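Protein chains in written order, with this note's numbering: chain C, 834 to 1096; chain B, 188 to 445; chain W, 26 to 287.
Everything labelled a hint here was simulated from the structure, so no lab data went into it. Warning: the hint list may mix true and false statements.
Stated by the list, open to error - Chain B stretches covered by chain C per the calculated footprint, using a threshold of three residues with CB under 8 Å from any CB of chain C: (1) 271 to 284; (2) 289 to 303; (3) 380 to 393.
As the list claims (entries may be wrong) - With a straight-line Cα cutoff of 25 Å, these simulated SDA-like cross-link-like pairs (lysine to any residue) come out: (4) 42/W / 925/C; (5) 440/B / 936/C; (6) 113/W / 1093/C; (7) 133/W / 167/W; (8) 440/B / 1017/C; (9) 132/W / 984/C.
Unchecked claim - Which stretches of chain B does chain C cover? Using the computed rule of at least three CB atoms under 8 Å from a CB of chain C, they are: (10) 191 to 205; (11) 231 to 240.
Quick caveat, the model's predicted, so the values are computed rather than measured. By construction, the Cβ of each residue, glycine as well, lies at the ideal position given by its N, Cα and C atoms.
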Amino acid sequence: MRGPGRLQAESRLWGYLFLLGLLALWEVLARAEMVNTLLFPRVSLILTYLGKLLTAGDILAQVAISLARSLSAYLIAALFAISLGIVMGYYRVVYEVVEPFMEMLRPMPIVALIPVIILFLGLGWQMKVFIIFLACVWPILLNTIDGVRGIDAVLVHTARTLGASPMQLLRYVILPAALPVIVTGLRISVATSLILMVISEMIGGMNGIGFFILNAQRKMRVLDMFAGIIILGGIGYLFNFLFRLASNRLIHWHLGMTRLTRR
Amino acid sequence: MRKLWVYLLRTLLFALCVAAWELGARGNPELTEFFPPLSLIFPTAVQSIAQGELPRHLGSSLATFLKAYALAAFIGLTGGVLLGRWRWLFHLFEPPIELLRPLPTPAMIPIAILIFGIDESMRIAITVYACTWPILLNTIDGVRGAEPVLIHTAHTFGASERQLLLKVILRAASPQMVTGLRISLGIALILVVTSEMIAAVDGIGFYILETARNFEVAEMFGAVLVLALLGYLLNKTFVSLEGRAMAWYYGSKKREAR
Amino acid sequence: MPLLEVRNLRHTYRDAKRGDVLAIRDLSFSVNQGEFISLVGPSGCGKTTMLMCLAGLLRPSQGVVLLDGQAVAGPPDNLILVFQEYNKSLMPWRTVLQNISFGLEIKKLTFPEGNRHHLERLLKVVGLSDFAGRYPWELSGGMQQRVAIARALACKPEILLMDEPFGSVDAQMRFELEDSLLMLWQEFAITILFVTHDIDEAIYLSDRVLVSGRRPSEIVEERAVGLRRPRDQVRTRSHPEFVEHRTRIYEMMRTFSEQSPA
Chain C
834 MRGPGRLQAE SRLWGYLFLL GLLALWEVLA RAEMVNTLLF PRVSLILTYL GKLLTAGDIL
894 AQVAISLARS LSAYLIAALF AISLGIVMGY YRVVYEVVEP FMEMLRPMPI VALIPVIILF
954 LGLGWQMKVF IIFLACVWPI LLNTIDGVRG IDAVLVHTAR TLGASPMQLL RYVILPAALP
1014 VIVTGLRISV ATSLILMVIS EMIGGMNGIG FFILNAQRKM RVLDMFAGII ILGGIGYLFN
1074 FLFRLASNRL IHWHLGMTRL TRR
Chain B
188 MRKLWVYLLR TLLFALCVAA WELGARGNPE LTEFFPPLSL IFPTAVQSIA QGELPRHLGS
248 SLATFLKAYA LAAFIGLTGG VLLGRWRWLF HLFEPPIELL RPLPTPAMIP IAILIFGIDE
308 SMRIAITVYA CTWPILLNTI DGVRGAEPVL IHTAHTFGAS ERQLLLKVIL RAASPQMVTG
368 LRISLGIALI LVVTSEMIAA VDGIGFYILE TARNFEVAEM FGAVLVLALL GYLLNKTFVS
428 LEGRAMAWYY GSKKREAR
Chain W
26 MPLLEVRNLR HTYRDAKRGD VLAIRDLSFS VNQGEFISLV GPSGCGKTTM LMCLAGLLRP
86 SQGVVLLDGQ AVAGPPDNLI LVFQEYNKSL MPWRTVLQNI SFGLEIKKLT FPEGNRHHLE
146 RLLKVVGLSD FAGRYPWELS GGMQQRVAIA RALACKPEIL LMDEPFGSVD AQMRFELEDS
206 LLMLWQEFAI TILFVTHDID EAIYLSDRVL VSGRRPSEIV EERAVGLRRP RDQVRTRSHP
266 EFVEHRTRIY EMMRTFSEQS PA
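Just need the whole structure built from these sequences, with the hints factored in.
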């Protein structure tokens, strides 16, 4: 029997073979010197170099520096944006007063502020944390506001008729009800934090994985560059994976509900 | 009455911010080098616009932006329709997409420099790369998510594959396509500015970084404000065009929510 | 002294398009301890607004609501309102059991027989013992409404206000829910104010039926229902007294809807 699951697994297999084929093509072209191997060394060379780099461990220190920056900025942004978003989502007056300012500031490309922030905070970690923080705030803030505003009045009324105080309302109703939408914002910001981590290290950095990659390119240490990019991709993959794991636990009820209603 | 209060509070808040900047800068003359008062920034910004330096850099950035955005839209939309419509093609490209997707896009800048050098083609390439993702993935979602009943209906009316694609699937997927295009708008601006800061000799990103390095702070703030205005206008234009083109979609959504 | 007394209640709300809308005009009635009382009126006659005022969720423009002789200012402790939209009033992130225990957690109530035992008995009474660990969105509409009712009853309120609770379930389920509600009403010895636009349902359930006219609402008729309890879906509904009540209320509502301009 050929079930749909088996069919899918089979076609995914073709996809992986296709991917392997592409990498093999690169390897062959590089071996045949049909591409400039100064720019694109053999895949096998890159991979063995990556292994050496990881076992030597110096690169891990750079990664740790970068992660400390992006994680701390992300957490501060989440805390700040969720609290502000709840206030703005719940009190219509606050939202109406602040909304035009948000609309004005939001399309501002945060990277343009990097030189400004360098002037004020220097080239150290404070500048990078602040930049990442600024960029991560937006998705979480906007989603929190949406989530809170989208809560049905009947739910709030029900909790109140059952005797919930304002604090209980926040804790037992507003926060859990808005959580699925907040999580969407948190997920977007995971990617944002990594992007701004790399950019801030490239523009105003002396260490960290972003600086490592750009510096390797400038010094034409192409193996370092490719290895660094692969490591960065690994971090991105890991972050996505961990986030999905956490959010599946946090809002598993919502996933079940949407799966059911979609049928 | 309520509306009036909101307007009043808004104006007050705005005035407060402006006043805080102005007075804060004037109160600390030793800081003027970093933190000039607004009343100094505006004349300087106007001057740099009049001298043609800021418009030249802005024009260069805008040209890069438009070329890259158009190219990304073309690649993302056509690629998305193909991958969304043909399952086997999607499965073929899924693993490479999954491999590349989690990589923060600016990490590709060094590779782009290797291939294209540091002229405009590099900036276009990296911007296209970053912008294509949301358009591509949203289009795939939209095409795959097209209501089967709609497709069956078109089939019973005897629609050919071409007609089905043009008259039904593209329309049904357009809300997601537009979403992708809107997300990419902001990303394009970010990548243009970033790549100009990292490797360029013109463009607004280069200008901002250069003025900051030379401590021409008023010029720098002027450029930042102009860039913010550009982002705002681009977004506004997009949203108003979207509102017009997608009126049927938002109308049906509103109806559903009731 | 009546348990709940409504005196000269009046409420207008502001609508962006239509300006000030008069939802309730000068409404007065009272509910006695232990009574099952229904209020019927055409849809959209300000009934939900009235219930929100009674439950302390909305401040009326004029008039007072007295509960046990005390003016209602916020949501009172011994009164709970059950909404028609059970799908919106249940918390999708809580299981059936957790939903039912919500009020207990909020009010920090403890029962002498143990909260767990209290809740399990309640689940049994509403016939949901097998669904304690399920989520509300996994249940049918009728079951969801039973969860909402059980959640309100779990706090042992003195009075339950119900806003067309069976308005969006099918006819068969509706009969079952009506009978289980009557059973619960007797078992818990509480007072129920039931709002509906279904005349038959009002007569079938109640000791007393209040009839309101079109918006803006006021009581235009009051009928005491002397039908024997326990009631029976077939026999009670075909009883001559039942038919007479229905005819009278129907005529009343028709007259009033003809009189006032639409």
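The hints, checked one at a time:
1. 271 to 284: Per the Cβ count (8), the hint holds.
2. 289 to 303: Held - the region 289 to 303 of chain B has 13 residues with a Cβ nearer than 8 Å to chain C, which meets the minimum of three.
3. 380 to 393: It holds: at least three residues are needed, and the region 380 to 393 of chain B offers 6 whose Cβ sits within less than 8 Å of chain C.
4. 42/W / 925/C: 19 Å, holds
5. 440/B / 936/C: 23 Å, holds
6. 113/W / 1093/C: Distance of about 16 Å is within 25 Å: holds.
7. 133/W / 167/W: 28 Å, violated
8. 440/B / 1017/C: Holds: residue 440/B and residue 1017/C sit about 20 Å apart, inside 25 Å.
9. 132/W / 984/C: Judged against 25 Å, a Cα distance of about 22 Å means the pair holds.
10. 191 to 205: holds (count 6)
11. 231 to 240: violated (count 0)
Checked against the numbered hints above, the structure violates hints 7 and 11; every other hint is satisfied.
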